[in-house]
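S.K.: Please assemble the complex out of the two chains, which come individually in their own frames, going by the hints.
Residue strings, one per chain:
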Amino acid sequence: MNWDIIFGVSLESLINGTMIAYALAAIGLNVHFGYTGLLNFGQSAFLGVAAYGLAMMVSTFGLPFWIGIAVGLLGAVVLALLLGIPTLRLRADYLAIVTIAAAEIVRLLFRSVSLSEWTGGSDGLQQFSDDFYAMNPYSGSLEFWSISFDERELWVMTVGWALVAIALTIVFLAMRSPWGRVIKAIREDEDAVRSLGKNVVSYKMQSLILGGVLGSLGGFIIALKNAAVQPDTYGTEFTFYMYTIVILGGAARVFGPVVGSMIFWFLLTFVNALLPTLISQGYIPTWLMDANQAGAVGYILVGLGLVLLLIFRPQGIFGDKKEVMLDGR
Amino acid sequence: MRRAVIIFTAVLGFLFTSLGLGATSALAEGESLQGTLINAGQPVAGVVIKVAEESGTPVGEATSDAQGKWSVSVPAAGTYKVDLDAATLPQGVAVTTGRTSLTLSVFEGAARNVLFPLGAAAGSPGADQPAEGGTSQLERVADLVYTGIHFGLIIALAALGLSLIFGTMGLTNFAHGELITFGAVACFFINVTASVPLEIAAVLAVALGGLFGYFQDRFFWGWLRNRRTGLIGMMIISIGLALILRYLFLYVFRGDTRQFAQYVAQPGMDLGLISVAPKNLVMDGIAIIVLIVVSLALVKTRLGKATRAVSTNPSLAAASGISVDSVIRLVWTIGGALAALSGVMLAIFQGVNYQMGFQILLLVFAAVTLGGLGTAFGALLGSLVIGLATQLSTLWIPTELKNVGALAVLIVIILVRPQGILGRRERIG
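Residue numbers (full-length UniProt numbering), protein chains in the order written: chain R, 1 to 329; chain Y, 1 to 429.
The set of hints was computed from the structure by calculation and includes no laboratory data. Idealized CB from N, CA, C, for every residue including glycine. Honestly, I wouldn't trust all of these hints.
Incomplete in silico selection of chain Y near chain R, CB under 10 Å [as the list claims (entries may be wrong)]:
#1 224
#2 235
#3 248
Okay, chain Y solo, but in the shape it has when bound (with noise of 0.2 Å):
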């Protein structure tokens, strides 16, 4: 049996890797490149922007208008070429960066925001700039691994959650989705409709998402839990919610991909190796230190330890005097924040849209497999190994495939170790 699961296992893989690279265009919605041109303050208009496919195709163009914006819609998520006219530039005016060529990633469905930051032209061109003809390979792979280790954060968010709700309560929460994207959504009304500065809108989506969590469960779940619902009941439950959460959000939301008033585009500041906006390092920074905190609480805390006793044996902990309802009632009013930071960073990351949250959760329940389901640090874990891996990837299969590769080694390492990298074996059935 086993020797016949490796070998479809070897099958499964080659048929991912082999996959033929003949690329044609196919009108899909959704995806596009979009970006705002301002010099000073001031919008440009009149530049022209040509966006074609790494193999050179040209995709279409586009040119600025009054207030500065441009946007081409590609056929797929893929990786593009963006080309700015420096020629179409009003005079005096340059690219500060002296990068008007970039290559970019598009996610599926979202528009991606493409900054060219202008300023007064230098007076030597070509002193400071960087070579011509794209970046090196080593650049490559530098980019990708920094982009996997931001990815593998903000699904390891959502994962915490996730892992702790399954490991207190047994539940496989598909609507966990929604939770992140209930983040995002909370986060765009009182950042752009309230006008609320990004910062402080963050912090009270994530307080709204752990409220949403917490009234959740309060109402919903913990009612389920007293009339002694089946787990598998309660996981096909949750899939009804998804669907009932996802479309209130495209009922209140609407289908477009919007994004929050400010740092939609911001500058890359030059590491060496990477240019990283800076927004993108301080959610990094915010994102290991909340999983840090909350990592440490779990093993130090009573809290934490009483979270611990219910995951491994709900009835023992009971019975010794732990309140398992409050326990479980924390840890959704916990995952509920957890997941609405990381909507909040998916958001900043690729703009707001009321499918984010179902288009990740594959990913996340990837992340918390492989680490072990039920294990708080097997889902970080397997949530950078996820990031880097679907990142990565795109080093040898087409971008728009890079989710296949997560799942395919979601799939693998089940076949191989079913418990996960740190799960227990009597997890498995």
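Just chain R, with the same shape it has in the complex (with noise of 0.2 Å):
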């Protein structure tokens, strides 16, 4: 058993571009679903937006980076308008419908042959990160004890940890504002918004953009990382883990995204670094589980855990349970 690299990779997720690009999409989500009271199960859509946004403009276009990032973030908000006009006079339910609809029909434009000049099909699209890696000040890696960063790695964690504190910041000052009192207002009771004379429509557009640019970083930072945009990244489950970060983490709180995203994927690599382990050296015999079955292993703990937070505390860790929205309208 080989402890160190279990835990050195482990201990790296706690800090690494998975886990920011993560917290920011779930910080974009928490202004919906924590503050807002909105169920947006598109969440994916927007990072896939951003995401793509930049990587067309850059590989299929070859234009600069900083338009693509201009693209990408224009994108979210276009997408927001596109998915809030129709759907923010609905009643709960039915906006989670449409939101997972639309975030689907976004993910099989990407995906379609037909479109595939421009997004490269279900491949994706690569080398878009070219100008982003000539930023970077680092020349070598970082080693410590098991835990190692390469210099493309160290570049996107300080960029990445430079937004995470941007967007938080933005989020702090907006929900203490009169402006995020109305939010939270409208989470509380919609009707009794509306009476005082807030057009609570327009302040629920407002939220969803807000919420689908801060969640776009996250979009910027997956494809940048991974030097690649791959379409079924930004499929629906990615929206489910989402969720699960900031219900663990505690909705409507504002460090409780970053917290949960840490201890998701904290978890979830070790469970995933594991158990291979466990059965390469022998300890759980093949004919219960093989290396291929490991994998499924850790998304039955997500829905496990996610159900679990949900029935004994919906608040996760730091939330109040009295700023949870949960019961149906």
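M.R.: So, in structure tokens, the structure goes:
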């Protein structure tokens, strides 16, 4: 048993690029679900649109990196408008179905052979991150015990953590402003807010755009980290993980998504590293589980975690039960 | 506001219909065309099968092995032309239908079976054979309409249960797709592992599906209702449950698409415009009978009336002496059985895969929402609309995007008539 490596990769996943991408996505989702009470099940589409916006501009059309970033952000805003105008007047469960359908449409379009001239079909796109890594100030890798990050990962992490800090500051400031109080009031009682003369649909739309743009930052990180975009990354399960992360950390808490993402990835990486080792060392007999099946166990545990959390501790680790919008209307 | 909504719908619709048609190949995993060549009970080896895209671009070719099996993986879901090279057939053997070239759709993640029925070569070739040069437009439309209705019936079976569960307990059950997969996987194990004939295996699988639904409510959802878990909480719990079940299926069943032991490839009967395998007609018949029986039971029987009473107002129903919990449990049992039947039918259509229910779930949701959440008849109507919309849309858009068409229809309907076709106004927020 090589515990050093197992704990090494698990500890790496506390701060690495994947965790940051999920944290950013969950920060955005927290604005929707935690603060505003919008059941947005299409958050993965925001990340997908941002990542593809960047990749397509640079890789397909040969435009500069910063234009790609701008197009990606603009794409997230446009998607929020497209998604929000028809759906924000609907009841919560309708909103869930429509957003999940919209996210699936976006994924199928990215995946389609007809559009592969621009999107690369199911292979996705590569070669759009050179400008990003050209800005890399690091030259060597960082090694400590069995934790190691190469210079590319270090650069992604630096940028990623800066974005997390910015996103958290924005959420913190926005939610203690008068605007944030209206947002939270909408979650508690929409009709009461309406009776005070506030335009609820407009506030919801602003929240959808803010959360979508914050989430789209995660899309950039995941695309740049992999130096590739692939349509199936942005499937509905991605959104379900974000929900697990938001609920784990505590909905409607500023730091909740970041802590949730750290714990989520630490545990998932630990299980995914431990099980194959146990199998190869013979501690788990192969008739019970082989290396292929070990991958499924991680997902089963995620689902189990989500179910148990919602039943026994819907407020997550830091949340306040009064602030979690889980009652039907 | 309404005008803005309509404009955005138009923009969305335009986006979806005006997609480019430049097709290049990109290798995905999973989708393939496969088949087994058998003549008079003996496998036929060494026959060359060529697969090409609709445009004529070749995708690949395969030669049947000693068991008569061949398989060609294709880049993505879509429509492909499969050619059997008649020159490579053994002397005196021919394709009995005379069709050595077939045009077929491959679904996402599915391995499509292709059947070339072989037999002794006819003495006078050309006497009874269909004209060369592919099928006419009318035949294609007729074929799509039939496939659409068939697919719509499969969706309807699942949608009815989903709609009843939503109606009685208010739960948007994201784990309903796994009830569909459960039926297919259970049927597979009974049929293939335990070697029970498919007809009996299907009946057993449906019964198991009903039991699965019953126990799910008895031990899980009923318990949550007693704990007064909120509806949105329950909805997210159903997502977690779906994840657990789906990956349990992966754990037990593994990732490949597998076929039942019987009725995998059945030659089609010629019905004038279309050619349909008898198994599909039998399944359609069963589905229609089941749907009619359940719908009539909802209208005519006391339990059906109780179910509708609980849908309309649970507290009032409870006050008038109806046991709300046992009605919901009954609905879960029926819903589980219907979903299992839908899974068996879907598996006969496209093979068993651990993701099959999840992949069709959004279409089931679309059907239910289209007809009106919580209305049983709406679910039936919505399913047929979705089934026909997905299939007929392939006349204008690429086959791989047909689900996009169906989901876009869902969004448009919600914009124009949020309560669905048969829904009531008060159900929307």
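S.K.: Compare the structure with each hint and give your call.
M.R.: Verification of the supplied hints:
1. A cut of 10 Å between beta carbons decides the hint on residue 224(Y): the least distance to chain R is about 7 Å, and the hint holds.
2. Evaluation of the residue 235(Y) hint against chain R yields a held restraint, the C-beta minimum of about 7 Å falling below 10 Å.
3. The interface hint given for residue 248(Y) is met, as the beta carbon of that residue sits about 6 Å from the closest beta carbon of chain R, less than 10 Å.
The structure fails none of the hints (numbered hints given earlier).
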